[in-house]
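Enquirer: Using the sequences and the accompanying hints, generate a full structural model.
Number of protein chains: 4
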Amino acid sequence: MIRAAVIGLGYWGPNLARNLSTAEGCKLVAVCDKDAKRLERASKQYPGIETAASTDAIFGSDQIDLVAIATPVHTHYTLVKQALESGKHVLIEKPLTADVAEAQELVDLAKRNGRVLMVDHTFIYHPAVEKLQDTIKRGELGDICYYDSVRINLGLFQHDVSVLWDLGPHDVSIMQYLVNRPVKWVQAVGVRHAGQPVETMAYLTVQYEDNLLAHVHVNWLSPVKVRQIMIGGTKRMAVYDDNLVTEKIRIYDRGVELHSVEGVHQAMVQYRIGDMYAPAIATDEALKRAIQHLVYCIRENRTPITDGAAGLRVVQILDAAQRSIASEGARLTI
Amino acid sequence: MIRAAVIGLGYWGPNLARNLSTAEGCKLVAVCDKDAKRLERASKQYPGIETAASTDAIFGSDQIDLVAIATPVHTHYTLVKQALESGKHVLIEKPLTADVAEAQELVDLAKRNGRVLMVDHTFIYHPAVEKLQDTIKRGELGDICYYDSVRINLGLFQHDVSVLWDLGPHDVSIMQYLVNRPVKWVQAVGVRHAGQPVETMAYLTVQYEDNLLAHVHVNWLSPVKVRQIMIGGTKRMAVYDDNLVTEKIRIYDRGVELHSVEGVHQAMVQYRIGDMYAPAIATDEALKRAIQHLVYCIRENRTPITDGAAGLRVVQILDAAQRSIASEGARLTI
Amino acid sequence: MIRAAVIGLGYWGPNLARNLSTAEGCKLVAVCDKDAKRLERASKQYPGIETAASTDAIFGSDQIDLVAIATPVHTHYTLVKQALESGKHVLIEKPLTADVAEAQELVDLAKRNGRVLMVDHTFIYHPAVEKLQDTIKRGELGDICYYDSVRINLGLFQHDVSVLWDLGPHDVSIMQYLVNRPVKWVQAVGVRHAGQPVETMAYLTVQYEDNLLAHVHVNWLSPVKVRQIMIGGTKRMAVYDDNLVTEKIRIYDRGVELHSVEGVHQAMVQYRIGDMYAPAIATDEALKRAIQHLVYCIRENRTPITDGAAGLRVVQILDAAQRSIASEGARLTI
Amino acid sequence: MIRAAVIGLGYWGPNLARNLSTAEGCKLVAVCDKDAKRLERASKQYPGIETAASTDAIFGSDQIDLVAIATPVHTHYTLVKQALESGKHVLIEKPLTADVAEAQELVDLAKRNGRVLMVDHTFIYHPAVEKLQDTIKRGELGDICYYDSVRINLGLFQHDVSVLWDLGPHDVSIMQYLVNRPVKWVQAVGVRHAGQPVETMAYLTVQYEDNLLAHVHVNWLSPVKVRQIMIGGTKRMAVYDDNLVTEKIRIYDRGVELHSVEGVHQAMVQYRIGDMYAPAIATDEALKRAIQHLVYCIRENRTPITDGAAGLRVVQILDAAQRSIASEGARLTI
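Protein chains in written order, with this note's numbering: chain A, 79 to 412; chain B, 79 to 412; chain C, 79 to 412; chain D, 79 to 412.
Any given hint could turn out to be false.
If chains are identical, the list can't say which one is meant, so a pair holds when it fits in one copy or spans any two.
Quick list of in silico lysine to aspartate or glutamate cross-link-like pairs, EDC-like style, CA-CA up to 20 Å [claimed, not checked]:
1) Lys209 x Asp221
2) Lys303 x Asp320
3) Lys303 x Asp353
4) Lys115 x Glu128
Rather than coming from a laboratory, the hints here were simulated on the basis of the structure.
Expert: Here's what the structure looks like:
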């Protein structure tokens, strides 16, 4: 039985607590937060768990195997480091850190200490993303030739990071998971509005190997909420619309076909319009599946899909994007 | 009565002929095309008009006041030049040319000869675009802070130009019309697929003065058709969805408000969610309105909204974008 | 070569003329209308055809094999009768007549004279309806257990018949084609608004054999346009949304399954949520296909899908519905 | 401080408990259920409350002012009667009962005992319904001429009542609230599928005074979920789509206008297409507002909007509908 603790009971932490308390093979034994009211509430909800106002009690306890951390980004490095150094497995809220070197150090530390370090890129465990990945893996789309992601809505509520670091980790982690190949360069442009000290909207371009162009639009100032990923393949194309309750994923048997005939080039490019289908998607909670995967990885000594290395690559891309914004949109490697 | 001729009876020319033949104050007197069948068809449809297999007969006639040209882009420069030099007013299919210097020369020539040179950026005369422009002009959106345009579908059928020059003129001309301020720089990225010699998808970024970031996505490889423009203002936001039959324009009384209180920054950023309304849009044909505007400008010696200078700016932006694609996404001035 | 004439060049007649003039194996030789301008227009468009201000010239000519009639409903009976009596094949605008006895008489007359009588229920030849019919025929939906059709919009423009007889023929003809079984009873309710002498909205219920309940909502006073048919089957369910440009038909692998276990009834009823798919639909014009079918039936001496008998059944159902409205919603047989 | 108890902790009861425990002026003091586990769970969540396995303890206690009942329909009559007789105020799950005489008796009893009897027709307290009602009341729609409600989805999960009594109370209560005038007659048709002992789909027609026709479609066998109400008025029309997250209500400035000119009838009927607007809707939980309203009514001795009388009328209409189904669709008064 894995004994888990949650640090940080703000917005996301209670969800971690709830899922850790119900996951098979796992047991919630402690929570930590500076706010006494939050601790009291947790204590009522999970009778018998330990509560701690400081992380020392968590890291110092030999009754805790796993620490799930849901605190502000700027605290991630220190807390994950302490947790790993005290021999705990770690689940860390996304992004892993906001600094590439720090992220790298944590990855190395986890490896050295033989501990599982998993980043909570929850969407990777969403049944829709899993279905998309499966579709791609089985070759249904053919070769991927573009990837376009839009994640926009009215946001900007008490954020200490730019829209790139707030919404971007979702897009970049899903993209990396589905596309799964080396990055050639990253380029971005962003803009600050309404007197904000951080970007309120940004466009991110990632050139992958194999002529695959990926593009992400994140925006806190959109009057409408859009959560859409479009993937163009040589055989089929997919659209993932997370706003839809059902039919979130649509596979279009459509494309443009090139029949190269010398000298008669133009007439030989043709549309192909075939069926569309929307596979049934399971309705399990993504976080529940993420926690199940974490428990499995700890017990079986496996590497999580969203391990530190995967989290590091997300940080590298976002970091390059942020630097590109600061460098007049220069194309940067990671 | 303005006597008009149409050169080029391919896809778009017949629409020009139809509207020139019915517009008040205008009369279709001649058509020109290399294809005898097309001439014959036009002759039947408009009994009594002249037909010509060569442009000489058009440019040499003193019975023609206005020449409407709908031929491939690479012929625009020569034909417009000849038309203007022979003293005709000109309506030229978009884009004006594919070359900045040539476009500039045509603008100068029209001015010198005192002739009307209008580029057929038809969308500018669409009731929906007019309504949007009116909304912006009356200050309903406040200051514009971003502009995002998506024009994607399954395309690539017998095109001799890239997606940027095929779909882009629509986006750029509308954007210029609505945004109406100096361009600081242009940046673009594009990619070629399916063995094409030209870009099949492209992302174009235009930084305007006053911190206004504009972005355009054009794509021939999208399984779904999208025609959407989103405009963020400090007071309201607008979405123009041309796919909708009714309610093409939606004005959202939404935004993010900053209440700057020293030291308590974060809590002071707030959403504002108000009503949405979709103004009634007239259903006249855009081209019909464009032709009416052209006739008016010729008769009253006025400058068309989409005159040569406006057409030139579209060419400048697309040219800079194409050069940016060739220069690793460099930011270029126009 | 079948020699065709069109009587009535109002709204729909020109479409018949266009398709008859281009259909293989058919030739447009004459048009008839009281309005001289319409005849002149047609004459220009189809050089060499005969024009007639009265139907006598059409019915009396031995140079005409087929007469397509697109005149107001109250003239149908007389014109079709005369056409059949003069030995012509007939294509008649829907509905066949507004009177059951008259419709029956025309069916009998066509049979007696060995002429093809086809009613222009165009939708039956729409590729989407054909695809639906094929889907049902192949058993993909299982047994049909309900049929729900909604056809509403802002209408009521110069109509001399009620909404039931204006929009209803579409719904009822499609329904009859797809459902294809005996009617047990018909029931309807309608209401007149805005001082109209005819119903402006109506709900029509048709009980078919095999426990199949069908329902139709037609309405001229809807602020939104809906064109939707939903068909529930024991295996799958289909939705046909004619407003959509693509994916007009969606087949849902969904249903409710009954596992009868004695004594534990309730827990044994379960949802089944499977994939959805939208088959590719051809984009040919429905009327073009209808005309092709007509030509084929005349040449090969076959019975059209929408022959007089099919048209008669539509009239019977609408007539019963109208009588039900007048009889306080009584359930009537046909 | 009103002291409240909840009877029945199945699907809906816990929501009642949660809102009663947090509403101002109210306090949750007891819960009652046969299931010991449910009681234990509630006990943990609301430390200090009484738990009871039988209703006697609830009805017999003088420490309880209000009883909220969320048990199966067939138990409503007895429980409400006992609660009222023991001097409690009552909130009863919808429908009030499944029998008109019993409902009438409860209404009378509440009146006699001077107790508040409120039926939990939660939707009436939904901000969207409130906005609609306000729109109608202010005359924005003009006179209402039709009402069309569709509430369909895949359902039929462990229901002991027909779709009419399961989904219908929502439609009928909203309709009654918005339409607010005498019923002339009720007519309905329904059908049973999949071996069910109750109707799985039904169409309900209600003729109100003033030529207002109302129609409701409820269905457990629809592959898609629809929650839509359309209201036609002489001045404007409204569509309430509860599936939408934002813009649930749309007001269309559209209609058909009759200009009665003697002898030129037809040409004088015209469309009017004006703006559409979607008012901002508050996002409070409907049940929270319902409970606040209940507390207010008890304290201030007011009659709730959804009092016993309103609940009785819903029962009368559903009862008439069910009898109409059993009587071959006869039109019945209530």
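Enquirer: Using 20 Å as the alpha-carbon threshold, which applies to Lys209 and Asp221: within, between, both, or neither?
Expert: within (17 Å within a copy, 31 Å between copies)
Enquirer: Check Lys303 against Asp353 for me: Cα-Cα at most 20 Å, and say if that holds within a copy, between copies, both or neither.
Expert: between (28 Å within a copy, 16 Å between copies)
Enquirer: First find the shortest C-alpha distance between Lys303 and Asp320 inside one copy, then the shortest across copies, and answer within, between, both or neither for a cut-off of 20 Å.
Expert: both (10 Å within a copy, 17 Å between copies)
Enquirer: Regarding Lys115 and Glu128, is the shortest C-alpha distance of 20 Å or less found within a copy, between copies, in both, or in neither?
Expert: within (14 Å within a copy, 24 Å between copies)
Figure legend: structure checked against the earlier numbered hints; every hint is met.
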